[in-house]
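Enquirer: Line by line, the protein sequences are chains G and H.
Take the first sequence: its letter number 46 is residue 46 in the working numbering, and every next letter is one higher.
Whatever position you read off the second sequence (first residue = 1), add 143 for the working numbering.
Simulated from the structure, these hints should not be mistaken for lab results.
Some hints could be false.
Said to hold, decoys possible - With a cut-off of at most 30 angstroms between alpha-carbon atoms, the simulated DSS-like pairs for lysine-lysine come out as follows:
1) H:Lys168 x H:Lys264
2) H:Lys234 x H:Lys222
3) G:Lys35 x H:Lys265
4) G:Lys35 x H:Lys222
5) H:Lys264 x G:Lys83
6) H:Lys210 x H:Lys171
7) G:Lys25 x H:Lys234
8) G:Lys70 x G:Lys89
9) H:Lys265 x H:Lys168
10) G:Lys89 x H:Lys264
11) H:Lys264 x G:Lys35
12) H:Lys210 x G:Lys35
13) H:Lys265 x G:Lys89
14) G:Lys25 x G:Lys70
Stated by the list, open to error - Footprint (simulated), chain H over chain G, 3 or more residues, beta carbon under 8 angstroms:
15) 71-84
16) 128-135
Every residue, glycine too, gets a C-beta built ideally from N, C-alpha and C.
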Amino acid sequence: MELILWRHADAEDGADDMARRLTPKGEQQAAAMAKWLRAHLPAQYTLVASPAVRAQQTAAALGANIVTDKTLAPGASPAAILKAAQKHKGTVLVVGHQPDLGRAAAQLVANTQSEWHIEKGAIWWLAGEAPARIKAVVSAELL
Amino acid sequence: MDLILWRHAEAEEHADDLRRRLTTKGRKQAQRAAQWLLHRLPARFTLISSPAVRSHQTAQALGTPIKVEQTLAPGATPKAIIDAAGWPDYKGAVVIVGHQPDLGRALAQLVTGGQGPWSIKKGAFWWISNRVRDGDAQVVVRAVVSPDLL
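Please model the entire structure based on the sequences and the hints provided.
Expert: Laid out in structure tokens, this is it:
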């Protein structure tokens with residue numbers, strides 16, 4: 001399996017966490033990453049996103065169908081993230097939150113329970129079963 | 144500081160390991176990675192290479208002066224790599240060109256404190272940086288890119 005963890009881009013503050021929208025900077029980050037992803041993704045992949053608006057907006061930049069999975073909402077455990085991905089075959093993109101995605105990456109790559117930092121709008125591309133290989137990491141600011 | 148650990152690109156076979164040269168494909172890999180890095184690195188950075196020809200040739204693609212460090216030859220320990228880089232206190236960016244599994248072991252140690260080695264494809268690099276946030280020292284992986292993704 002190939003699993004791409006994509007942290008939502010820069011978002012506005014807001015009292016309702018689920019309703020926070022991307023800032024203009026965040027929209028640019030999402031668009032730049034979407035462009036990079038389109039150039040490198042296989043023809044077939046599944047895009048799964050947290051129901052939070054900032055994750056949905058980030059995913060929408062890719063212009064593909066979005067499967068919204070409530071189990072990816074902020075606070076998702078590594079097991080929940082892996083389970084959400086394994087509902088689908090082939091290459092799966094998961095758009096979600098920190099520290100959730102960083103915990104999942106640490107678990108899959110190093111089998112540790114630490115919180116790896118993933119920058120806003122960045123992707124971590126993992127390949128293979130645990131221990132997964134890190135195939136690519138791209139920060140929005142380096143695009 | 145910013146630290147880029149760059150594995151030499153694809154090389155020819157040769158009885159003398161330190162003299163193996165890049166293949167044509169390897170030279171292209173090195174060029175692609177160098178272009179990517181030159182667009183994103185600060186104007187001033189330090190470039191350090193293993194003495195092996197395939198590493199030195201890879202480093203040359205950046206077109207800047209190369210410091211050759213004998214301790215980065217194949218078999219380098221994580222400590223040798225981390226010391227050569229001046230991690231974590233060097234002010235600025237350092238590019239180290241070297242070998243597997245040496246770089247992958249240093250990476251695992253820097254990022255997770257584990258043994259590794261982490262996989263690094265030929266011609267690929269890892270870009271990590273350190274920072275202090277809320278009093279905690281953090282290591283951030285900023286980019287991992289292999290030539291087939293450039």
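Enquirer: Is the straight-line distance between the alpha-carbon of Lys234 of chain H and that of Lys222 of chain H 30 angstroms or less?
Expert: holds, 19 angstroms
Enquirer: So if I understand the rule, the pair passes when the alpha-carbon distance is 30 angstroms or less; does Lys35 of chain G with Lys222 of chain H pass?
Expert: violated, 38 angstroms
Enquirer: Need the status of pair Lys265 of chain H, Lys168 of chain H: alpha-carbon distance at most 30 angstroms?
Expert: holds, 11 angstroms
Enquirer: When you check the alpha-carbon spacing of Lys25 of chain G and Lys234 of chain H, does it fall within 30 angstroms?
Expert: holds, 28 angstroms
Enquirer: Verify the proposed pairing of Lys210 of chain H with Lys35 of chain G, using a straight-line Cα cut of 30 angstroms.
Expert: Status violated; Cα separation ~36 angstroms.
Enquirer: Within a Cα-Cα threshold of 30 angstroms, do Lys35 of chain G and Lys265 of chain H meet the stated pairing?
Expert: Given pair Lys35 of chain G, Lys265 of chain H holds - Cα atoms ~25 angstroms apart, limit 30 angstroms.
Enquirer: Decide if the proposed pair is consistent with the structure: Lys264 of chain H and Lys83 of chain G, CA atoms, cutoff 30 angstroms inclusive.
Expert: holds, 28 angstroms
Enquirer: Holds or violated: Lys265 of chain H with Lys89 of chain G, Cα cutoff 30 angstroms?
Expert: holds, 28 angstroms
Enquirer: Are there three or more residues in the segment 71-84 of chain G whose C-beta lies within less than 8 angstroms of some C-beta in chain H?
Expert: Violated, because only 0 residues of the segment 71-84 of chain G bring their Cβ atoms closer than 8 angstroms to Cβ atoms of chain H.
Enquirer: Three residues or more, CB to CB closer than 8 angstroms: is that satisfied between the segment 128-135 of chain G and chain H?
Expert: Contact hint for the segment 128-135 of chain G vs chain H: holds, 3 residues under 8 angstroms.
Enquirer: Measure nothing beyond the straight line between the CA atoms of Lys89 of chain G and Lys264 of chain H; if it is 30 angstroms or shorter, mark the hint as holding.
Expert: With a Cα-Cα distance of about 25 angstroms, the restraint between Lys89 of chain G and Lys264 of chain H holds, given a limit of 30 angstroms.
Enquirer: Hint check: Lys70 of chain G vs Lys89 of chain G, CA-CA at most 30 angstroms. Holds or violated?
Expert: The given pair, whose Cα atoms are some 19 angstroms apart, holds under the 30 angstroms limit.
Against the hints set out earlier in the document, violations occur for numbers 4, 12, 15.
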